[in-house]
Each structure stands twice: as C-alpha cells, then as structure tokens.
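Chemist: Read top to bottom, the protein sequences are chains A and B. Counted the way the numbering used here counts, the first sequence spans residues 22 to 278. Counted the way the numbering used here counts, the second sequence spans residues 3 to 426.
Nothing false has been slipped in among the hints.
Simulated crosslink set (EDC-like; lysine to aspartate or glutamate; CA at most 20 Å straight-line): (1) A:K242 - A:D198; (2) B:K392 - A:D128; (3) A:K92 - B:E422; (4) B:K113 - A:D138; (5) A:K146 - B:D409.
None of these hints come from the bench; they were simulated from the model. Computed from a predicted structure; not experimentally measured.
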Amino acid sequence: MNYIGIDIGSTAAKVAVLGETQQYFVLPTGWSSIDTARAIQEQLQQRGISLDESLVVSTGYGRSAVNFADKQITEITCHAAGCAEKYPNCSVIDVGGQDTKTIRIVDGVVSDFLMNDKCSAGTGKFIEVMANRLGCDIDHLFEIAERGSALPISSLCTVFAESEVINHVGAGKPREDIAAGVVDSVAAKVAGLAGRLALSDQVVLTGGLSHLPLFAQSIGKKLGHPVQPLENGRYAGAYGAALLAQRLEEKKNRKEK
Amino acid sequence: MTDYRQMWSDLGMDLENHDNLCAVLPVAFGDTYLSQENRPEGMAFYDFVVSEIHGVRPAELIEHQKNGGKVFGTFCIFVPDEVVFAAGGIATGLCGGSQFWVPDGEKVLPKSTCPLIKASVGARIGRTCPFFRIADMYVGETTCDGKKKAWEILAEDVPVHVMDMPQMKRPQDIAKWEDEIRNFIKVVEEQTGNQVTAEKLAEAIKLLNNKRKALARVYACRKADPTPISGKDALLMTQIAFYDDPARCAEMANKLADELEQRIQDGVAVFPKGAKRILISGTPMAIPNWKLHHIVETCGAAVVCEEACTGTRYFENLVDESQTTLDGQIHALAERYMKNNCACFTPNKGRIEDIIRLCKEYKVDGVIDANLKFCTLYDTEGRDVERALKEAGIPVLGLETDYVDTDAEQLRTRIGAFLEMLGE
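With the rest of the complex left out, here is chain B (with noise of 0.2 Å):
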C-alpha cells in the first residue's frame, strides 16, 4: 500500500483524526464486505479502491491540478458533469456518508439536519477528507432547505456555486433549468479557462452516457433471479462510480456485467434460492454508508435493485447524443436531468410509478422505504409511496435511520419481521 501521508498533509489534513478514520474503515469493510462469499472477481478493483480511498484517486486529481486542471466537487446528481468535462475539468462527488464526521458537522449546523449534510460539512471543516480539500470549487444546488443553507457555510471557506434547481416540472422550469446550465457552463470557462465548445460537450455526453449504461447494465443482471451479485457489492459499485473517471468507471462496470452475465447463464447465484428480493427506495446512500444493506442481507434476503441518487436515480435516462449545436446540446441536458424524480419536486408522482416499475422489472418481493433522519422531502413522501406500494399490493416497510449504530438492532427487528410477513 502507498505511503499517502504526504499528500495528505501537503493538503493541510487533520492527519491525527484522520488516522482515527483510516484504523476503522478497513475493519468495517472487512465485516461488512470480505465476509461475503463467492463474490465476483470484478469487486476486486471495487475492493482495491475502498482501501485507497483516500489515497489512490485523490493523488489522480492532484496530478491533473498539476497539469493545470481544475476539480469541481459536487453533492447531488442533477449537477451536471458533461459540462465539467466538456472543460477539461474533473467532477468528483463529495457527499458524506459517515457517522464519523457529523460531530465536526454539528458544530456549525443544527443536530436536526439530515447526516448526509452534517457530515459533508464536517468532513470539509474537520479537514479529514482529502476530496473536499482538492476541490477548487464546490457545485451545490438548491434541492432542500438544509443544503442551502450549508452552502453559505461552505462557502466562506471555499469557493461555491449554487445551481438554483426548479422546484416543479413544468416547461418553465425545464426552460430555467437549461439557464442554470448555461449560467454553470460560464462559470465553469472562467474557472477552467476552456471554452465549452459543442465538440466538446458532445464528447462529454457521450462519456457520461457510457457510464450510465455500463452502470445499468450491472443493475440489468440483478433483475435475474437468482441474483449474480449481493447488494452490497453493486451498491458499492454506484458509489464509486462518484468518484472515479467515468470512463474508467464505464470500463469496470462493463467487466463486471460481463462477469455476471456469464454467471447468470451458469446459475451462479449468491443467495440461496427462495430467498427474498428486497428493492430499496429513499434517501441517497454515500460511501461507506451500508448500514440497511448489509442488515437486510444478513437477514436473509437480497437487495436487488436501489431506487434512489446511490441507485436507478444515477444512471437511468440517457442524454440525447444528436445534438450538434450547444443550444440543443444543452436542452438535451436539461431535459435528461429534470428526469431525475426526487423528492425535492411537487408533486413528485413519477417517482412513485419508478418503483412500481422497478418492482416488476427486477421482480421484487418487497420494498423498504429508508429515509435518512431529519430528510422531511422523503420522509413527508414516504407516506404516499407506501400508501401506492400497499394499492398495488406491493408489501412496503417505511424506516426512518441515521448514520449512527445504535439503532442497528431494532432494524433487525423490523426488517425480520418483514421478510417473516413476506413468508419462507
């Protein structure tokens, strides 16, 4: 393993407290992943990142500031990346998915705010992330209430633009999304000094489309049954896709597929047969956030298919590559992201009919609604989809959950009594 101590320090980390985070990390993976067995041959380059995380890609992105690039970190997937590299700059996701710097979060933000924003924060002021330290800029968007208000904080600490997301989806706001793109694509020329010209954008597009559907591709394996691959490992999988090189990502997940692909024609399975298919719906997961995976697979049942920014939300809908001019160009992509069903529009049915659809194409047994803590956009919708799911006959288990441990062994309790109602 690379000595990344350096690096680190050279980026001003908190080196004593981040060695408190890279002594538990291995640990956790170790249970939670290298416990599994008869995994895929193709986790092993998933496997080989969560043990550099800090190291392997970091030291990628610096070396690209070297060469006079510049990093742009973001936190949500309606943040578009074509335009990132479209400028010959990198995007990097940034969002937190660990108890371990909420305290450092708490500090400056109150403890009724959702963990994934707690600890994006902290991870930043607490100086123990070297992604929130390479990042030139930060790309926040305007998708709650709690985000928006972390950008002011954030931003008095490193520079930050905010996309002002429509809160609706009718052709006005389709029409106001496509001038936040292009208010973005200005910032990112100034930035990067590189125009966006539309052979430009128009290679970007099609690198990102290729990862999308190299991503989805893996998620298609999952929809046979028995599934070629636990949850764990294809959650995994999408939240590296965050951070890597997209077309390094598309490589590695098409590999994968492959792999499973042939698994499925061989009945490799890695659960046995019977056992129950569980679709997860909700609040985004952000490595090393595993926690509602790794109990429902330990129950017994596997996770076929996430319904959420950590799942279908992040690759499904492609942008239109027939585009040849940037006005077009940048319709495209606004119509692909206003796709995107999150909670944060009103009224948000089409998310709703996602995973109805998703339940029958990956042939679900039943859905576990999770919501982080203090998320109100989910939680408040919580109800209607578990009340559509229950219409459709779709047996649904709503959960509200936090990055901390404590309430691991009440989930256990519920999530076990709702595989025992779905019957052995």
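Looking at chain A on its own, in the form it has when it is part of the complex (with noise of 0.2 Å):
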C-alpha cells in the first residue's frame, strides 16, 4: 500500500509518496490545477506506483482539481501533519507562493492559525515578482542579497514596493543592496504576521523558500526568536498529507474491527 500526498500550490505541485516506496517530487501547476492533476497522476504511474493500491489525500489551493484523491484536507493540517512529525510542539511559518500562514502547534495538533490576507506581500510572489525586476532568479536573488546592506522598501503591497524597487534602480543603487531590501522586507512582513499568534519555542520555517538560510535567518531577526527550516521543507504540506492518508487507513481498519 502507498499513501501519497498532493500538495497543489499556486506555484509548484509536490507529491510525495511513502509506504512501499519514498518518493518525493515537484512540478510547476502552471495554467490548470486539472491538467497538473493529471501530469501527477501520469508521473506516478511512470514511477511504477499503482493507484488503485494507493491512499491519496490532496491539500493546496489547487486540492479540489485531484479527482483521483480519497479526501481533500486543507494545506493548515496538512502542513502541521508535517512538522508535528519532528516537532510535536511548534510554531510553523509557511512561506507560500500566494499566502503565508503561521501555525501553533500544540501535542501533534493544530492549536491556532493565521493566514495573511489577499495581498501578496509577504509571500514567495513577492520575492519572485522582485527577482524577475533584478533579472536573477529567486536563489540568486539571495545569493546577492547575503553581501548587501538593505535598502528601505516599505510598501505593503507587492505592486507599490514594485515601484519601490524601481526607484532604487533608477537612482543606481547597487543591486545586492536592492536584493537585500527585498529580502529584510519579506522578512518583516512574515514576522509580522507571526508575531500575531503566540509563539512556541521552536520556531519552523516551511514552503519554497526554506532550503535559503538567509532566510529563516532574516526572519528570526525580526522576530526576535531563531527560525529552524525545517528539512525538505518544500514538502511539507505533501508529506503530511501522506502522513494524513496513512492515517485514513488506520481509521478504516479500526472502524472494520
């Protein structure tokens, strides 16, 4: 039996699979949650997984377009699933493509979350939207980023800070201190958002951006507090999601006892 968890974003698609086998995988969600459904589900096969002898539970924004899933659970579970694995008693912070959530972590079960609202600052969009204006990418972006002083850019909302960064281009600064200002003003904005819920000793960062020390490193700053990524953070929301389908099965074999 393997119990697979789909963990659709709105920038990457994460799969991972344990039981028989332990795979873990990635694909970009593109235009349709549906047609990404479906490369999943071609993927797997290719991998030799049979559906049929399988538990799938689906999470992420994209979560309803898995037809083939047994239950939908929402990407909060899903992700305190994951971290509750290694850390029974946390705070998570997942930083996402389009929303960051914080979540408190009490004996393996969620206690209390936030989500920020429809603005995207503060989320991975924000970062890519300001690499693509410094014409690196997201990993590059805080490669430059560790050598620069931050410049201020203070705007709440992606589209204003846009111009922000714009201005400092125009006046010439240099780009490393743009990367950085990029970077301590997610940062800030994540840390806000944090702070809000009372904290746990230990602090996790998941999602996209959790393989970049600098930034757990910046948001720990912030916050005052050490921020530990956590490991494969990536796949997080995936992972407790197996986890979740796993468990699916343990209640269906108690309920047939």
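Assembly of the complex is requested from the two constituent chains, each provided in isolation within its own frame, with the hints serving as guidance.
Modeler: Right, dumping it as structure tokens:
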C-alpha cells in the first residue's frame, strides 16, 4: 500500500509518496490545476506507483482538482501534520507562493493559525516579482542579498513595492543592496504575521524558500527568536498529506475491526 | 409572477441596470438556498418574498402611501421602529447587502468605506432599489464615521433625519438617547401629521415585542442538537424581518417555530450527526449577503447563531410593556435600545459576555468573528473578542471579508482548516 500526499500550491505542485517506496517530486503548477493533477497521475504511473493500491490526500489551493484523491484536507492541517512528526510542539511559519501562514501546534495538533489576507506582500510571489525586476532567479537574489545592506522597501503592497524597487534601480543603487532590501521587507511582513500568534519555543520554517538559510535568519532576526528551517520544508504539506492518508487507513481498519 | 415594471418606472428607477440585478439574484438564490435538502416548509414564505423582493413589499408600501401613510427607511437596529408605527407610519430596513450597488456608491464615497455603506448609498444614487425610492424619509444614526458622512451625501437627494447615538453607556448617555427618541417623535409626528399618544405607542411596543419574541422562538429551536434549520435559512428569515410588516413577520416566524419545534420532537435534522456547530459574530449581513453562511455550511458545519445586527442583537431584550405614560414608555424604549452591545460603544465588554453566553446556550463548537472590510470598530474589537474567547476555551477564527466573491476560496481554506482543527 502507498500513501500519497499531493500539495498543489499556486506556484509548485509537490508530491510525497510513503509506504512501499518513498518518493518526492515537484512540478510547476502551470495554468490549470486539472492538467497538473493529470501530469502527477502520469508521473506516478511512470514511477510504478499504482493508484489502485494507494490512498491519496490532496491539499493546497488546487486540492479539488485532484479527482483521484480519497480525501481533500486544507494545507493548514497538512502542513501541521508534516511538521508535527518531528516537532510535536512548535510554531510553523509557511511562506507559500500566494499566501503565508503561521500555525501553532500543541501535542501534535493544530491549536491556532493565521493566514495573511488577500495581499501578496510577504509571500513568495513578492520575491519572485522582485527577482524578475532585478533580472535573476530567487536563489540568486538570496545569494547577492547576502553581500548587500538592506535598502528600505516599506510598501505593504507588492505593486507599490515594485515601484520602490524601480526607484532604487533608477537611482543607481547597488543591486545587492536592493536584493537585501527585498529579503528584509518580506521577512518583516512574515514576522509581523507570525508575531500575532503566541510563539512556541520551537519555530519552524516551511515552504519553497525554506532551503535558503538567509531567509530563516532574516525572519528570526525580525521575530527576535531563532527560526529553524524544516529539512525538505518545501514538501511539508505533501508529506503531511501522505501521513494523513496513512491515518485514513488506520481509521478505516479500526472501524472494520 | 406579477409584472412590477410599471411600478419601478413610476418610482424613477434605472430599469435597464435593475434588470441586471433581477437576472443574477434568482441564480444566486437557487445556488445558495434551493440546493439545500430537507428545508422546513415554513421557508416557502421567505423563498416567495425573495422571488419578488423588489415587488411584493414595495407594492404594499406604495399602497400605504396612496392612503396618506408615510414610509421611513432605516439603516440600524438602534432606530426605534415603535415610534414610526405609533404614528401610523411604516419603518423599513434599507441596508444594502450586494456588491451590485458598490460601484455606484464608490462614485461618491472613498473606496476605503465599508461595503455596507457603499452599497446602501449606491442603491440610492444608482436608482436600482425600490425601497430606497419609496421611503419618504431616511433615518440615520451616528454609529460610525462612515455613516455620519454618508447621511450628508444622501441628504442632498432625500430628507434625512439623523439620531445622535451616545458613544458610552453611562446613565447620562441613556438619558441622552431618551432625548433623541423624544426628538424623533416630533420629527415623525411632523412627517405623518399624526400624534404619537401613549395608547398608540403602547400598541406599537407590543407589536414590535411580538415580532422579537417570534424571532427568538426560531432562534431557540437552533439551540437543539442537531439543529432543525440551517443557518442560511434562519439568516434569511432575519434579513427579511427588516423589511416585512411586523405583524406578518411575527406570524410567519411563529409558524416556522411551530414546525421547528415539531421537527425537534421528531428528531428531524438538516445536518448529519456530529456536524460542528458554529456561531458567527461581527458585522451585519444584509440581504443578499449569504456568503459566509454558505461557505461554512458547504464545508459541512452548521451555523447555529449569529451574534450580529442580523441576529441576536435584533431581537434580544424586550421593551417594558407596563408603562402607561409617554415619559415612561420613552424611558423604557431608551433602556431597551441602549442594551444593544454594538462596537460603536466604548468600552463594549457586554458584547463579549453576550458571545460567551450565546456559545453556551447554542452549544457552540467554535466562533467565527467576521468583519466587513473597512469596519474599523468591529475589526479593532475583534482582537478583544478573540482573546476573551480563547481564554474561555472557545476556539475562534477571525476573518475579514467583503461583498466581492474573490476571496471565497481563501475563506474556504481558512474555514475548512478551522473545522479540521475542531476535529472530526
């Protein structure tokens, strides 16, 4: 039996397979979550994973597009499950492509959570837009940001913040200082959201930016509390979904007994 | 269905744009309401009212005017309807609950005004709501800054009387509200040409108390677990109560309550056993704003109570009926209305006590504190509400939303996660 977690986010679709085999893979979400779901199905088949002998939990904003899922569960519950395995008592900060959330986990279950409002500032999208503006990709933006000293970018809105970046570019400011300003600005917004919930001693960062040490450091500095990137943090939601798929079976078995 | 086009045309409405509204409402209502299973039969009356929302009641109001009567449009549950009915007038709610009216409102109001005000002003100046055309006078109140300024804009187009709300609840504030009611009586007497006597006011107090009691009966049925009526249906009854004739409103609500009480005895439920019970607190949900209830209930939970103007605040507390003099009655009215715990008061601890009490009465699993965008008062108070509920061990989710549907999926995720947090 395989337990498959599928997390279709706004930017990337992450898949975790547990059970007979352990596999992780990621696809770009693209234009249609339905096409993405189909592509995932094909990938699974190519990897020799039969859906007939699998339990599937889908999550993320494209969760309803996965028509072969046994259950849909929100990304908040899935992220929490993915983190609670290692940290049963912690605060999770998840910076996604279109939203940022903070989740408090007590004894392995969600006790409270917050999500950013519709605005995309303080999300991966913000960094993506600014990286485009600076003519680099996200990883590269963080690389040069290490060397810079942050310029102020204060706007709460991605579109307005982009004009601030353009002003800095127009004024001939060093690229690394602008990049450092972008990271600093996102970190401040993320920390602002995270600070609204009572923090646990253990604070964990997940999402597509969690492999960048500077990001966790910057958020930690703003929070005044160390932030630990979760290993394989991009897959936290998918991994959590796969764990919950496993629990679906345990629940079913209990009922049958 | 009766053709009301002539009536709308006589009212000076923008028929072409109004047709757009008439085209979308039945679809929205069908998707949200008629898709529900096992609805109480008593809801047929409310479905009918919605199907002719801009026809059947407006026609009655026009008939009343033809007979020399006056119609007063109100926007807030602090305005004492008793005074209007005692003078032979009719009071009707005017709050706009649809995004349809917002663009017209934004022509004269800042975008950063709450959607309820924008929709209400837009419905007037866009000439797309018969109730706004019919009312001889609007009665405003100073419950927030947005409304205070909106009255000035509306007053360019229609007579407006504004009641000055106290901001605190000290004895002198209740005395001040009494003064405002006295003043309101004079204004209404002038408009209608009828005197408000102690006898007439006593009748009107009874009339409105009966309406409150009937609404309270339906709400009491929602305390049953499982609930015999969906939150959406109960909300619809409350929303229509703002527009309907008070005696008929009481009659229909009592009929619905009879049926619900029978359903409780027979164990008839509208949600599967174990469905989570949610209380929604916060800003008003004017018709046709069913957004939050729809999302919660299609996520599998039941909304069992609204701590809102379109909810318990509308009917809780009765006016003392034992007073026989105008002075005594006016004092009783002031006391009853000042019991309302609106975020316009400082401090407003009573509202938190209300929410916690209602959570117990309605056996609630969790609270969603929901505020319309740009409602600074409720938004700010949300912090206090959330903290107090957490301290009381009641799970709470704070949300901000607008009339637009663009945040529906984000709301669905938050609400879904909240329900998952409450456990299955």
